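Colleague: What follows is each chain in one-letter form.
There are 2 protein chains.
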Amino acid sequence: MNATAATWRQRERPLRLERRVDFDDYAGTRDFLDAVAQFSKDTGVYPDISFGRTYVNITIHADPPATDIAPEQTAFAERVDALCASESVTSGG
Amino acid sequence: MNATAATWRQRERPLRLERRVDFDDYAGTRDFLDAVAQFSKDTGVYPDISFGRTYVNITIHADPPATDIAPEQTAFAERVDALCASESVTSGG
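Chains as they are written, first to last, in the numbering used here: chain A, 1 to 93; chain B, 94 to 186.
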């Protein structure tokens, strides 16, 4: 079992990792998005992100023709996990 | 024809306005998201937004039980349009 198995949902066709995070208010959402943007600048991993006032969904797609999530993508997911663990966020369904 | 009819696609069930904007690079995407976040703070309108490295999709949902897009939501859409007109962005399909 890898480090992100408990926090990210792996889906197939197309292969991707997904995680949803909920926040108490818009300020929390924005702070989170800013931190994740910095991760992207640091790593070159640019996930698809959708968000509303108090939630963020992150989807990390395997890059075709890759048939697995790349190590740098897993590392990105782990950085998001560490950020979530350090803040008052809740994981949604 | 209202002011946003040429730039936003109105969809039904649920009623919503949608607009996609494409960017040359991630910096453009981030600048745009920051500006739109400020619009939300100014207006209290919090659309659903999805984005990747070089695109942003904005969806403004009518708030149930409303059966039409509210005036402040249309005003928000018009501010986005003005922002797009002032930057080097392209509208995607």
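Quick caveat, the hints were computed from the structure, so don't treat them as lab data. Nothing here was measured: the structure is a model prediction, and the numbers come from that model. Check before you lean on any hint, since a few could be wrong.
If we take Cβ atoms under 8 Å as the criterion, some of the chain A residues that face chain B in the derived model are [to be verified]:
| hint | residue |
| --- | --- |
| 1 | Asp48 |
| 2 | Gly52 |
| 3 | Leu83 |
| 4 | Cys84 |
Using C-beta positions, here's what the derived DEER-type ranges look like [what the hints assert, rightly or not]:
| hint | chain 1 | residue 1 | chain 2 | residue 2 | range |
| --- | --- | --- | --- | --- | --- |
| 5 | B | Ala98 | A | Ala70 | 38 to 46 Å |
| 6 | B | Lys134 | A | Thr67 | 22 to 30 Å |
| 7 | B | Ala175 | A | Ala85 | 38 to 46 Å |
| 8 | A | Asp24 | B | Asp124 | 34 to 42 Å |
| 9 | B | Arg106 | A | Pro14 | 25 to 33 Å |
| 10 | B | Ser133 | A | Gly44 | 26 to 34 Å |
| 11 | A | Ala70 | B | Glu171 | 39 to 47 Å |
| 12 | A | Lys41 | B | Gln131 | 37 to 45 Å |
| 13 | A | Ser40 | B | Ala128 | 14 to 22 Å |
Where is the CB? At the ideal position from N, CA and C, for every residue including glycine.
Colleague: Quick check on a hinted range of 38 to 46 Å for Ala98/B and Ala70/A, using CB atoms only.
Modeller: holds, 43 Å
Colleague: Could you see if the CB distance from Ser40/A to Ala128/B stays within 14 to 22 Å?
Modeller: holds, 19 Å
Colleague: Does the Cβ pair Lys134/B, Thr67/A satisfy 22 to 30 Å?
Modeller: violated, 43 Å
Colleague: For the restraint on Asp48/A, tell me whether the closest CB of chain B is nearer than 8 Å.
Modeller: holds, 5 Å
Colleague: In this structure, is the beta-carbon distance linking Ser133/B and Gly44/A contained in 26 to 34 Å?
Modeller: holds, 28 Å
Colleague: Holds or violated: the 37 to 45 Å window for the beta-carbon distance between Lys41/A and Gln131/B?
Modeller: Roughly 21 Å apart at Cβ, these two residues miss the hinted range, so it is violated.
Colleague: Can you let me know if the beta-carbon spacing of Ala70/A and Glu171/B is within 39 to 47 Å?
Modeller: About 41 Å separates the Cβ atoms of Ala70/A and Glu171/B, which means 39 to 47 Å holds.
Colleague: For Ala175/B and Ala85/A, compare the CB-CB distance with the range 38 to 46 Å and indicate the outcome.
Modeller: Holds, since Ala175/B and Ala85/A (Cβ atoms, about 40 Å apart) stay within the stated range.
Colleague: With 8 Å as the cut and Cβ atoms as the points, is Gly52/A at the interface with chain B?
Modeller: Since chain B brings a Cβ to about 5 Å from Gly52/A, closer than 8 Å, the hint holds.
Colleague: Going by Cβ atoms only, is Cys84/A closer than 8 Å to chain B?
Modeller: violated, 20 Å
Colleague: Quick check: does the Cβ-Cβ distance between Asp24/A and Asp124/B fall within 34 to 42 Å?
Modeller: Roughly 27 Å apart at Cβ, these two residues miss the hinted range, so it is violated.
Colleague: Take the C-beta atom of Arg106/B and the C-beta atom of Pro14/A, compute their distance, and say whether it sits inside 25 to 33 Å.
Modeller: holds, 27 Å
When held up to the earlier numbered hints, the structure conflicts with 3, 4, 6, 8 and 12 and fits the remainder.
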